[in-house]
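Each position in the sequence shown, counted from 1, maps to that position plus 7 in the working numbering.
Warning: the hint list may mix true and false statements.
Unchecked claim - Here are the computed lysine-lysine pairs in the BS3-like style, where the Cα-Cα straight-line distance is at most 25 Å: (1) K355 to K532; (2) K745 to K574; (3) K532 to K562; (4) K574 to K256; (5) K562 to K380; (6) K532 to K380; (7) K562 to K78.
Claimed, not checked - Now the in silico label distances, taken between C-beta atoms and shown as ranges: (8) K54 to P30: 41 to 47 Å; (9) D85 to S264: 45 to 51 Å; (10) Y292 to K54: 34 to 40 Å; (11) E530 to M667: 57 to 63 Å; (12) S749 to L721: 34 to 40 Å; (13) Q644 to A714: 28 to 34 Å.
Since the hints were made in silico from the structure, they are not lab data.
Each residue gets a CB set at the ideal place from its N, CA and C atoms; glycine is no exception.
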Amino acid sequence: MTSAGGPAESREGLKAPAMLQLPLVVTARLDLVLVLVTLLSLWTRLKGLGDPGAVVFDEVYYGQFLSLYMKRTFFIDDSGPPLGHALLALGAHLGGFDGNFVWNRIGAASLVHEVCWFCIAAYPCSLSVWSLRLLPALSGALCVPLGYLLTLELRCSHLSALGAALLLLLENSLIVQSRFMLLESLLIFFVLLAFFSYLRFHNTPGMCWSRYGWLLLSGVSCAAAIGVKYTGLFSYLLLLAVAALNSWKLIGDRAQSHMSVCVQCGYKILCLLVVPVLLYVFWFYVHLSVLQRSGPHDQLMSSAFQATLQGGLSRVTRGQPLQVAFGSQVTLRSSAPRPVPCWLHSHKANYPIRYENGRGSSHQQQVTCYAFKDVNNWWIIKDPARQELVVDSPPRPVRHGDIIQLVHGMTSRLLNSHDVAAPMSPHAQEVSGYIDFNVSMATQNLWRLEIYNREAESEEWKTIVSEVRLVHVNTSAVLKLSGLPLPDWGFRQMEVVAEKLLKAHSGSLGWTVEEHRYGTSQEQKDREAELHSPTHIDVDRKISFWSKFMELQWKMLTVKQEESEHKYSSAPLEWITMDTNIAYWLHPSSNAQIHLIGNPVSWGVANLSLLAYQLLAALYLLRRRRGFKDLPDGVWQRFASVGLVCGGGWAVNFLPFLLMERTLFLYHYLPALCYLYLLSPALLEHIHTHLLSSGTSRHMLSVCTTAVLLSIFLSYWTFCPLTYGNPELTANQLQALKWRDSWDILYRRR
Numbered sequence: 008m009t010s011a012g013g014p015a016e017s018r019e020g021l022k023a024p025a026m027l028q029l030p031l032v033v034t035a036r037l038d039l040v041l042v043l044v045t046l047l048s049l050w051t052r053l054k055g056l057g058d059p060g061a062v063v064f065d066e067v068y069y070g071q072f073l074s075l076y077m078k079r080t081f082f083i084d085d086s087g088p089p090l091g092h093a094l095l096a097l098g099a100h101l102g103g104f105d106g107n108f109v110w111n112r113i114g115a116a117s118l119v120h121e122v123c124w125f126c127i128a129a130y131p132c133s134l135s136v137w138s139l140r141l142l143p144a145l146s147g148a149l150c151v152p153l154g155y156l157l158t159l160e161l162r163c164s165h166l167s168a169l170g171a172a173l174l175l176l177l178e179n180s181l182i183v184q185s186r187f188m189l190l191e192s193l194l195i196f197f198v199l200l201a202f203f204s205y206l207r208f209h210n211t212p213g214m215c216w217s218r219y220g221w222l223l224l225s226g227v228s229c230a231a232a233i234g235v236k237y238t239g240l241f242s243y244l245l246l247l248a249v250a251a252l253n254s255w256k257l258i259g260d261r262a263q264s265h266m267s268v269c270v271q272c273g274y275k276i277l278c279l280l281v282v283p284v285l286l287y288v289f290w291f292y293v294h295l296s297v298l299q300r301s302g303p304h305d306q307l308m309s310s311a312f313q314a315t316l317q318g319g320l321s322r323v324t325r326g327q328p329l330q331v332a333f334g335s336q337v338t339l340r341s342s343a344p345r346p347v348p349c350w351l352h353s354h355k356a357n358y359p360i361r362y363e364n365g366r367g368s369s370h371q372q373q374v375t376c377y378a379f380k381d382v383n384n385w386w387i388i389k390d391p392a393r394q395e396l397v398v399d400s401p402p403r404p405v406r407h408g409d410i411i412q413l414v415h416g417m418t419s420r421l422l423n424s425h426d427v428a429a430p431m432s433p434h435a436q437e438v439s440g441y442i443d444f445n446v447s448m449a450t451q452n453l454w455r456l457e458i459y460n461r462e463a464e465s466e467e468w469k470t471i472v473s474e475v476r477l478v479h480v481n482t483s484a485v486l487k488l489s490g491l492p493l494p495d496w497g498f499r500q501m502e503v504v505a506e507k508l509l510k511a512h513s514g515s516l517g518w519t520v521e522e523h524r525y526g527t528s529q530e531q532k533d534r535e536a537e538l539h540s541p542t543h544i545d546v547d548r549k550i551s552f553w554s555k556f557m558e559l560q561w562k563m564l565t566v567k568q569e570e571s572e573h574k575y576s577s578a579p580l581e582w583i584t585m586d587t588n589i590a591y592w593l594h595p596s597s598n599a600q601i602h603l604i605g606n607p608v609s610w611g612v613a614n615l616s617l618l619a620y621q622l623l624a625a626l627y628l629l630r631r632r633r634g635f636k637d638l639p640d641g642v643w644q645r646f647a648s649v650g651l652v653c654g655g656g657w658a659v660n661f662l663p664f665l666l667m668e669r670t671l672f673l674y675h676y677l678p679a680l681c682y683l684y685l686l687s688p689a690l691l692e693h694i695h696t697h698l699l700s701s702g703t704s705r706h707m708l709s710v711c712t713t714a715v716l717l718s719i720f721l722s723y724w725t726f727c728p729l730t731y732g733n734p735e736l737t738a739n740q741l742q743a744l745k746w747r748d749s750w751d752i753l754y755r756r757r
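Build the full structure now, drawing on both the sequences and the hints.
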């Protein structure tokens, strides 16, 4: 039962506590063009992703690191930071890959019936090839809608955005590069996302938190781009330049309050400088946390770093005495990164009386640096005032500034130097094991210990931790690795010399105690047996993450792997006109093959757009200098912004390669090319809107644009067999696709 006013009162009673108005309506705006280009992009990048089921080109390179990642084995890749490898490893892990696959070379070229072909290493049936390639393919697919959105943020029309998306969609080289376990598509994705996020932040009015969310996403994307490849740094620096220009304009805007300017500039510093640095360090933290086992690149790292890895050196050095004392038996590892890691060494062989060039030597026992573990690497730290070669109880530690002698463990010769020219470095002194030939050459075997990473003047010499210099007391020369190989009489081992400190290169002066034990045997035979015995004790020692991070970062930037000439390497100037290609895969028994070849028509459109923009910008600048304003200020600002982002993006991603002395390939040009594909439709819109006034000329431009787009599609379709590896073409059909004589398209005549 209800009263007369019941229904109305009931409705009011329900409405007040809920604070909602019924019915609930959600309004969404959906860009169907964006959805369409996204679906097409996913289709072109993901269809048949598991084909071919064989190792393709640089998959053999990244696959080796992938297996090491899955087995948590330490490695160094000097081509880039660890994020790219970690993302590839994530995809492999989701697919169940356990790392147990031998990544053989793709195959050596052989000539069969005048046809060059490759023996391809096939993936096993148990391995999910699709999962290995999924993340690069998804990243490559998402670059197309990102290009669409980025063009809109450059204040271009939806039609121009569609044009940019179509150029990215129909670019054969981008499709090929994204369909395999490679890193370029990841790099391009993060670069485009960084610029899109920043421009969305810049173009969004107000001070809402969602606006600063875009700025944060931009900083994260910048860190990810650099974390995938160091070449991502080029685009990051460009974005910082754009942000700096915008901030400078913001500071001059009197309509903004002081607080607003400070807040916006502060957030830019936080999101675009602090966050990328922190994330960059975080990528390495994850990398070093995962890779905890000894691996093939251990020898490139310091003894302290190696001792933190499971297995390898840690099995030898774990539990060694920390303090080096008089009577300690040690191996001394050179801190020089090149040519290879090595240890101070001597053996029962003397320098020749005369060298090949007629110079004389001391004819004393050779002292070298040997690149392998050997019993002849052991030395004994001796107190010059005493004859004992054993450690006292308690041990007497060696400190910075102490005078010591170094006795070779297996031959008992004292480390010596004198004013005799070194065999391969005549400007430096020879280093030898002293033999008393009863001639006028007196012994000079005293060395002063200098710990150059010490924290106190009286610091003790420590195993692995201390980096030391050994200064010859008589001549003040410093023991160093010259890095030059000795001739056959020196068994091709590396030369060790003593050189004046002012002349010596600091990187080759340091030595570190790697293996260490307290000597207990005074007699030579007992000591030799002791030196042959293992030193393992179950005690662990660690170094900080920051020490490991700084060392790994330095090694990645300075220690370069030897690079050999590659059949498909190319020079940067060849990329602009696409005079080169790369054969990625060839079926072992048919003409089915995959090549990294761009879409020739769209490639030409990109080059033409770059040239036209430069000429037009130069003309505008000259006329503005003369006082003629052909464009309103707003249009000019938009034209300049497009040039700064797109033209600048091409420049910073292409010009640095002209200065690089390393093996380069066509795929290095792809990030720069993407910027040109954003520039082309924006320039076309500018010409259509602001340079053409008559309807006839605009109509002709529309017809020409349609014809060019049709040509781009036909060119894409023509080269699809070389993009996807199917269908198989005949030799004549392949020959017809060789649009340039410099292209290396492979085929078999039947």
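Verification of the supplied hints:
1. K355 to K532: holds, 16 Å
2. K745 to K574: holds, 18 Å
3. K532 to K562: violated, 41 Å
4. K574 to K256: violated, 50 Å
5. K562 to K380: Cα-Cα ~22 Å, so holds.
6. K532 to K380: Cα-Cα ~21 Å, so holds.
7. K562 to K78: At roughly 22 Å apart (the allowed maximum being 25 Å), K78 and K562 satisfy the hint.
8. K54 to P30: 41 to 47 Å: Given a distance of about 42 Å, which is inside 41 to 47 Å, the answer is holds.
9. D85 to S264: 45 to 51 Å: Between D85 and S264, where Cβ atoms are some 49 Å apart, the hint holds.
10. Y292 to K54: 34 to 40 Å: Check passed, 38 Å falls within 34 to 40 Å.
11. E530 to M667: 57 to 63 Å: Holds, since E530 and M667 (Cβ atoms, about 59 Å apart) stay within the stated range.
12. S749 to L721: 34 to 40 Å: violated, 22 Å
13. Q644 to A714: 28 to 34 Å: Roughly 32 Å apart at Cβ, these two residues keep to the hinted range, so it holds.
Going through the hint list in order, the structure does not satisfy hints 3, 4, 12.
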